Amino acid sequence: MRKEVIKPVKAFRILVRSIRDSFKSVFRNFSLSIASILCTTITLVLVAIAIIVTVNVNHITKDLEEELTIVVYADADTTDERLDEIEKSIKNMSAVANVVAKSKEEWRLEMQSYSDTLNTTLDYLEENPLLDSFIVTVNDVDDLRPVALEIRELDNIESANYGEGMVEDIISVFDIIKTITVVMVVALIVVTAFLISNTIKLTIFSRRSEIEIMRLVGSSNTSVKLPFVFEGFLLGVLGSIIPIIVMIYGYLIMYEQISNSSSFSIIELVKPMPFVLFTSLILLLIGSVVGMVGSARAVRKYLKI
Amino acid sequence: MRFIEIKNCYKVYKNGVAAIADLTLSINKGEFVFVIGASGSGKSTLIKMLYREEKPTKGTVEIGGINVGKLRNRTVYKLRRKLGIVFQDFKLLPKLTVYENVAFALECLGMKGSEIRPKVIKALDHVGLKEKLRSFPNELSGGEQQRVCIARAIVNNPKLLICDEPTGNLDPKTSKGIMDVLETINKELGTTIIMATHDKEIVNRMKKRVIVLDSGVLSADHEKGSYKASESV
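Just so you know, the sequences run in chain order A and B. In this text, residue positions in the first sequence follow the working numbering: the first is 1, and each later residue adds one. In this text, residue positions in the second sequence follow the working numbering: the first is 1001, and each later residue adds one.
Keep in mind the hints are simulated off the structure, nothing from the lab. Just so you know, not all the hints are guaranteed correct.
[Claimed, not checked] Away from chain B, derived, C-beta distances all over 10 Å, residues of chain A: (1) A11; (2) I14; (3) Y114; (4) T120; (5) N221.
[Claimed, not checked] Derived pair list, reagent style DSSO-like, types lysine-lysine, alpha-carbon separation capped at 27 Å: (6) A:K102 - A:K88; (7) B:K1048 - A:K301; (8) A:K301 - B:K1070; (9) A:K24 - B:K1014; (10) B:K1132 - A:K24; (11) B:K1122 - B:K1082; (12) A:K24 - B:K1112; (13) B:K1082 - A:K301; (14) B:K1007 - B:K1082; (15) A:K201 - B:K1130; (16) B:K1014 - A:K301; (17) B:K1095 - A:K24; (18) B:K1130 - B:K1119; (19) A:K301 - B:K1078; (20) A:K301 - B:K1132; (21) A:K10 - B:K1187; (22) B:K1112 - B:K1122; (23) A:K201 - B:K1095; (24) B:K1058 - A:K10; (25) A:K301 - B:K1055; (26) B:K1055 - A:K10; (27) A:K10 - B:K1014; (28) B:K1130 - A:K301; (29) B:K1091 - A:K301; (30) B:K1007 - B:K1132; (31) A:K10 - B:K1176.
Since this is a predicted model, take the numbers as computed values, not measurements. In this text, a Cβ means the ideal position worked out from N, Cα and C, and glycines have one as well.
Input sequences plus hints: build the corresponding full structure.
This is how it looks when you write it as structure tokens:
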């Protein structure tokens, strides 16, 4: 058989026709289209909620983790040279991110500023009873304990504390929450894909005779598939409009409420911009890609002999 | 000049049913051939192998030099564009008008709208349905629907027209009308026509070549044959 080459103009015409037909068939098969759109909408709203929870839990835990430090006190009789040496050796530890030295004088001034009573008491004392210290931040919360133990091994160290017990508890709770939310997002995306492609399968099942006729009159597999793929894309995009609107307004309202409320003052949510834009894009992407892939897969079944 | 060449062809379905056994025959360009036989004799399988809905299990089916059985799913459309197929159940799209149904075959090929129109009108003129362009299939009689199906099959000027019991659902008078249309196409356009049928009257009247299948085996092949000549069927 003579090899046929599809000219670009012809291909373009087929493409334009496919897009036109996909719009037509969304309206022609209105009830099934609505079913696909609603199904996409519902699952994408759930995906949006899961994304908001995951990102914010991550954000809050990161904030809290950054505040976790080791407070190191040197012995009372440590010389200034020795203090420099201690600072150097702590800095040299690989897991240490930062070391800030805080002298006993700085502590005294800071404490005096807290209250008048403390101010007067400390003034009466001839010698400063406080200790020189270092505030150590680590690269990862998991490094807190090993670094604290390593510091305790150094000479002239009175103590090195990081809030043992409580910190470990907080970290394990955060880890569990993070894992749960990530699993939820992945599971919801899989469920979305499954639901959307099943609904599209129903739509295509009702039009299998159309596909059969297209093939019998000589349509290539690609030109049979194209209108359905565009239709899937269209249904996915239409289905993601409501979840995007709900997500943007919902998040803005929630952010406003939480940042103005005194009872949630420790919680700081991710700033709405550009977070809502990224999330909208993700929702649009999930809707349209799942719609297209679902359609293409469903049609493929009828293209085999 | 040989157009269709079937050599030692076998077809065994997955469930073990042997539909065609050692079939060898050839058909020339411009011929009008009836394929007759009882139900289950392999008529439909033979027809389906010609438009590559089924692949032969063994042997070859060649149309115009193309080994149909070797075509891949992805390239079957190239063969179909050179054929016209007419079905017993018409296979028209109910939501499209007569014009759109016929034009559909050309649209699938990516043809320009201005090229499509005269071809569709010409095809509908051939089958005598020029006046019903805007009707929907459910507004037409069975005979008219079959004519639309024929118009769709011939609109791209195929070299071969495959008809699978096209008169199976029609009354004798309407069937005669359809056969007149097919005969005209065969004579005027020189299209080769292969038609599977059960209709004794048509076969006897038309005096064309008759191929008789019996349990998948070629039991008779008569030039200007008839049901009478193959009474064993």
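Right, here's what the structure says about each hint:
For A11 (chain A), the shortest C-beta to C-beta distance to chain B comes to about 7 Å, within the 10 Å cut-off, and the non-interface label is violated. With a minimum CB-CB distance of about 5 Å to chain B, I14 (chain A) fails to clear the 10 Å threshold, and the non-interface call is violated. No beta-carbon of chain B comes within 10 Å of the beta-carbon of Y114 (chain A); the shortest separation is about 80 Å. Look at T120 (chain A): its CB is around 92 Å from the nearest CB on chain B, clear of 10 Å, so calling it non-interface holds up.
Taking the minimum C-beta to C-beta distance to chain B, about 6 Å, the non-interface status of N221 (chain A) is violated against the 10 Å cut. For the hint pairing K102 (chain A) with K88 (chain A), the CA-to-CA distance comes to about 14 Å; that is within 27 Å, so the pair holds. Only pairs whose Cα atoms come within 27 Å are accepted, and K1048 (chain B) paired with K301 (chain A) is accepted, the gap being roughly 20 Å. Distance check on the hinted pair: K301 (chain A) and K1070 (chain B) sit about 21 Å apart at the alpha-carbon level, within 27 Å; holds.
For a cut-off of 27 Å, the pair hint linking K24 (chain A) to K1014 (chain B) is broken: about 39 Å separates their Cα positions. For the given pair, K1132 (chain B) sits about 24 Å from K24 (chain A) by alpha-carbon distance, which is consistent with the 27 Å threshold. Of the supplied pair hints, the one linking K1122 (chain B) and K1082 (chain B) holds, its CA atoms being roughly 18 Å apart against a limit of 27 Å. Only pairs whose Cα atoms come within 27 Å are accepted, and K24 (chain A) paired with K1112 (chain B) is accepted, the gap being roughly 19 Å.
Between K1082 (chain B) and K301 (chain A) the CA atoms are separated by roughly 25 Å; this keeps the pair inside 27 Å, and the hint holds. The hinted pair formed by K1007 (chain B) and K1082 (chain B) meets the criterion: a straight-line CA distance of about 21 Å does not exceed 27 Å. Restraint check for K201 (chain A) and K1130 (chain B): not satisfied, since their Cα atoms lie roughly 38 Å apart, outside the 27 Å limit. For a cut-off of 27 Å, the pair hint linking K1014 (chain B) to K301 (chain A) stands: about 19 Å separates their Cα positions.
Pair hint K1095 (chain B) plus K24 (chain A) holds up; C-alpha atoms about 11 Å apart against a cutoff of 27 Å. A distance of roughly 12 Å separates the Cα atoms of K1130 (chain B) and K1119 (chain B); the hinted pair therefore holds under the 27 Å criterion. Distance restraint check for K301 (chain A) and K1078 (chain B): the Cα-Cα separation of roughly 20 Å lies within the 27 Å cut-off, and the hinted pair is therefore satisfied. Distance check on the hinted pair: K301 (chain A) and K1132 (chain B) sit about 36 Å apart at the alpha-carbon level, beyond 27 Å; violated.
The straight-line distance between the Cα atoms of K10 (chain A) and K1187 (chain B) is roughly 33 Å, outside the 27 Å bound, and the hint therefore fails. For the hint linking K1112 (chain B) to K1122 (chain B), the alpha-carbon distance of about 16 Å falls within 27 Å, and the restraint holds. With a C-alpha separation of about 20 Å, the suggested pair K201 (chain A) and K1095 (chain B) falls inside the 27 Å cut-off, and the hint holds. Restraint check for K1058 (chain B) and K10 (chain A): the C-alpha separation of about 37 Å exceeds 27 Å, so the hint is violated.
Note on K301 (chain A) and K1055 (chain B): the hinted pairing holds, with a Cα-Cα distance of about 18 Å set against a maximum of 27 Å. About 30 Å separates the Cα atoms of K1055 (chain B) and K10 (chain A), which puts this hinted pair outside 27 Å; it is violated. Taking the CA atoms of K10 (chain A) and K1014 (chain B), the gap is about 39 Å. The hint is violated against a cut of 27 Å. At most 27 Å may separate the alpha-carbon atoms for a hinted pair to count; K1130 (chain B) and K301 (chain A) exceed this at roughly 37 Å.
The straight-line distance between the Cα atoms of K1091 (chain B) and K301 (chain A) is roughly 20 Å, inside the 27 Å bound, and the hint therefore holds. At roughly 43 Å between alpha-carbon atoms, K1007 (chain B) and K1132 (chain B) are farther apart than 27 Å, so this suggested pair is violated. Straight-line distance between C-alpha atoms of K10 (chain A) and K1176 (chain B) comes to about 40 Å, which puts the hinted pair past the 27 Å bound.
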